[in-house]
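Engineer: Chains as they are written, first to last, in this note's numbering: chain A, 566 to 976; chain B, 566 to 976.
Take these hints with a grain of salt, some might be off.
It does not matter which identical chain is used: a pair holds within one copy or between any two.
Unchecked claim - Using 30 Å as the maximum straight-line C-alpha spacing, the simulated DSS-like pairs for lysine-lysine come out as follows:
(1) K668 with K930
(2) K675 with K949
(3) K949 with K668
(4) K675 with K930
(5) K645 with K675
(6) K594 with K645
(7) K594 with K737
(8) K668 with K645
No lab work stands behind these hints: they were computed from the structure.
Number of protein chains: 2
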Amino acid sequence: MLTAEIIAIGSELLTPFHADTNSLWLTEKLNSVGIEVKLKTIVGDDDARLEETLRDALRRSRVVITTGGLGPTEDDITRKIAARALGRRLLLNEKVLEDIRAKFMRWGRKMPEINTRQAMVIEGAEVLDNPNGTAPGMYLEHEGRAVVLLPGPPREMRPMYENFINARLAAKAGDLRVVRRVLRVVGLGESAVDERIAPVYTQYQNPQTTILFNRSEIEIHLTAQGKTEQEAELLLDGLAGQIEERLGESVFAFRGEMMEEVVGLRLAVNGFTLAVAESCTGGLIAERLTEVPGSSNYFKEGVVTYSNEAKVRLLGVPADLIGEYGAVSAPVAEAMAEGVRERAETDFGLAVTGIAGPDGGTEDKPVGLVYIALSDDAHTEHRKLLLPGDRQLIRWRASQAALDLLRRRLI
Amino acid sequence: MLTAEIIAIGSELLTPFHADTNSLWLTEKLNSVGIEVKLKTIVGDDDARLEETLRDALRRSRVVITTGGLGPTEDDITRKIAARALGRRLLLNEKVLEDIRAKFMRWGRKMPEINTRQAMVIEGAEVLDNPNGTAPGMYLEHEGRAVVLLPGPPREMRPMYENFINARLAAKAGDLRVVRRVLRVVGLGESAVDERIAPVYTQYQNPQTTILFNRSEIEIHLTAQGKTEQEAELLLDGLAGQIEERLGESVFAFRGEMMEEVVGLRLAVNGFTLAVAESCTGGLIAERLTEVPGSSNYFKEGVVTYSNEAKVRLLGVPADLIGEYGAVSAPVAEAMAEGVRERAETDFGLAVTGIAGPDGGTEDKPVGLVYIALSDDAHTEHRKLLLPGDRQLIRWRASQAALDLLRRRLI
Chain A
566 MLTAEIIAIG SELLTPFHAD TNSLWLTEKL NSVGIEVKLK TIVGDDDARL EETLRDALRR
626 SRVVITTGGL GPTEDDITRK IAARALGRRL LLNEKVLEDI RAKFMRWGRK MPEINTRQAM
686 VIEGAEVLDN PNGTAPGMYL EHEGRAVVLL PGPPREMRPM YENFINARLA AKAGDLRVVR
746 RVLRVVGLGE SAVDERIAPV YTQYQNPQTT ILFNRSEIEI HLTAQGKTEQ EAELLLDGLA
806 GQIEERLGES VFAFRGEMME EVVGLRLAVN GFTLAVAESC TGGLIAERLT EVPGSSNYFK
866 EGVVTYSNEA KVRLLGVPAD LIGEYGAVSA PVAEAMAEGV RERAETDFGL AVTGIAGPDG
926 GTEDKPVGLV YIALSDDAHT EHRKLLLPGD RQLIRWRASQ AALDLLRRRL I
Chain B
566 MLTAEIIAIG SELLTPFHAD TNSLWLTEKL NSVGIEVKLK TIVGDDDARL EETLRDALRR
626 SRVVITTGGL GPTEDDITRK IAARALGRRL LLNEKVLEDI RAKFMRWGRK MPEINTRQAM
686 VIEGAEVLDN PNGTAPGMYL EHEGRAVVLL PGPPREMRPM YENFINARLA AKAGDLRVVR
746 RVLRVVGLGE SAVDERIAPV YTQYQNPQTT ILFNRSEIEI HLTAQGKTEQ EAELLLDGLA
806 GQIEERLGES VFAFRGEMME EVVGLRLAVN GFTLAVAESC TGGLIAERLT EVPGSSNYFK
866 EGVVTYSNEA KVRLLGVPAD LIGEYGAVSA PVAEAMAEGV RERAETDFGL AVTGIAGPDG
926 GTEDKPVGLV YIALSDDAHT EHRKLLLPGD RQLIRWRASQ AALDLLRRRL I
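Chain A on its own, in the form it takes in the complex (with noise of 0.2 Å):
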């Protein structure tokens, strides 16, 4: 199996605010086409510690991949240092040089001076076209190492990656070809999960199985290798199908889709209309559903209403329901559901009140206290939820399960 090796570089990779999320990325690509990631370095704005990474990488790995350093200031050091640790010369080359002119042109600006060092390319390296940046990337192939510098911002490493790269060292690698799915699972804990499917998985070595808990979100990544993708997707078929027998509507996704992707999915193919009501969710479930492109097809309107006074003129939920039962409870949230849906005239109105935290708890009404409803023209329900986390895990959970009631109605 081809080794790869990848190499973050920056300072700010070695503070404690960011994590290298980009080799996670790249590695899922390289493992879809049959390479392993062998070794992963992170290493600063610095010369000698960078060449040093570089030559162990060049010595040991056959594919080399760099992330960041390409930008134009004086810390980006990963073109000079490259060129160096691959014994190469560093040129200006005059064809880059106008694109990046041209892309300031564009943007309306004068290109600034320091720019001109994102067109210092290496000796006999492939300029790769960045559509969303100045830093163009680079390829070359050296004493039978592919070596790849890529930018750092994910938006311009990965239609880089994909364009210019992908294919190219799927062709290295030969016929192995390793394909992953991920099922999204809804209202099960992690054990329960393991605990009806463990059964099924521990069966198999090929398709691989792992359990993630991600957020609030359990996920179930199957991995399959085959001699061509048909083949690996067929085991996974087989696999994926054997946990949705035991875990039934509870996965949401069989493809790694968002929940807001499935529930606005199922809105379109039906033609139905949706309104949100919020209140501790403060636009979340709005925003989630309306990142999906296309969404305005079945999203018509969202309120956010923060304050008591808001519910009623914008919902007509009536005041002595609030005063009775108070903002958080399952009337107001039924209310708010029915008021948002018949307002907006839409199939179903979708709503949620609760105490997202840290303060406003009180012991009857504990911070983590949520209610969700429902309407449509024939029923309103509503469900009550006591939820863990920090207000902004509180949000999204809450955030998650209206978007799961809803998916469930649709189903």
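Got chain A sorted already, so can you dock chain B onto it with the hints?
Structural biologist: Quick look at chain B alone, frame taken from chain A:
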């Protein structure tokens, strides 16, 4: 300055699913006592590569910390390979073995034979007790280097470091203290920021300056060393002041605060209230504002008016206006801001309307065209933006620009 190197050991850290986060925690600890992390390596259960990594680290760095690979299985190679790299023997420590046996006894189980491996100790190493697991850690000094072997699980690694290592390394580091500050910038590009402040920050070795591009924001990281924290803080004050002089109001945070926190604080201290009307941002502005604890004191309500009909009904935008100028236009943005402010009876109304893409753009109104508007009882203003990026980034940038418009009004 004392330099450290962190080696994370474990094949799971070379999959797409697991980032090494132990090193972030360790870096924070090391930095605070004046030890700089110069390199991080992530290596699998691979004898040769781990040995090479350890040898390199021992040659380069005064402090070498490993995490992981101290478990009882064959894959747990840290003990064996560290002994080899150090040229020392690995010896069975009877007392450690007794401790491990006693732990299993307390859990009501017999110690599995393989756990004997965890009682193997490098010659001359001090054993570090593990209250939360069976794997003891090790500390040794080797040719002027401090070598620390810690277990991988954070709940075992962290207390071990705190209890046995932190004070020891602080003593080695001497009197140096390191303090860090993060300035955040809005409305200027990376190169523009660098051009303006490079003449200032390049004059200083201490504090050190790093400019980062994080999503749509520029962050300026300042790191200062001093004999005391106060001394380091004074150095930071000096440089931060000069940077502020050159960037002015474009610096919105001096202590790493988020835009929504800065805006929220200004609203709160002035006793102002806010309502938000969103189209293309789909609830993102409301969501960001309400992520801040205590935001209910100033954030009163938000509406997400995806449909024209909702803009008319919920905000009182005249249908004629939409007909004449289109939903994505300056007059409609201003009418949205005025409408939400008047209806919510707040001091400020903030509105966004635009085209986030990927579809919906035209020649006249391309993807990325966004109008933001701000209204108070004296006047209403708008800005026209042409934002680059994909749907997610356009939405984020639009939300950032809108919040910034309000921030500048509040200065």
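Engineer: Since the copies are identical, ignore which copy is meant and state whether K675 and K949 lie within 30 Å (CA to CA) inside a copy, between copies, both or neither.
Structural biologist: between (57 Å within a copy, 21 Å between copies)
Engineer: Quick one: K645 to K675, C-alpha cut-off 30 Å, is that within a copy, between copies, both, or neither?
Structural biologist: within (25 Å within a copy, 58 Å between copies)
Engineer: Treating 30 Å as the Cα threshold, decide for K668 and K645: within, between, both or neither.
Structural biologist: within (23 Å within a copy, 54 Å between copies)
Engineer: Is it within a copy, between copies, both, or neither that the alpha carbon of K594 lies no farther than 30 Å from that of K737?
Structural biologist: within (14 Å within a copy, 43 Å between copies)
Engineer: Within a copy, between copies, both or neither: where do K949 and K668 come within 30 Å Cα-Cα?
Structural biologist: Between copies, since 21 Å is at most 30 Å while 53 Å is not.
Engineer: Within, between, both or neither: how does the pair K668, K930 come out at a Cα-Cα threshold of 30 Å?
Structural biologist: Close across copies (21 Å), not inside one copy (56 Å); limit 30 Å.
Engineer: Quick one: K675 to K930, C-alpha cut-off 30 Å, is that within a copy, between copies, both, or neither?
Structural biologist: between (58 Å within a copy, 25 Å between copies)
Engineer: Are the CA atoms of K594 and K645 at most 30 Å apart within a copy, between copies, both, or neither?
Structural biologist: within (27 Å within a copy, 32 Å between copies)
Hint violations for this structure: none, all hints satisfied.
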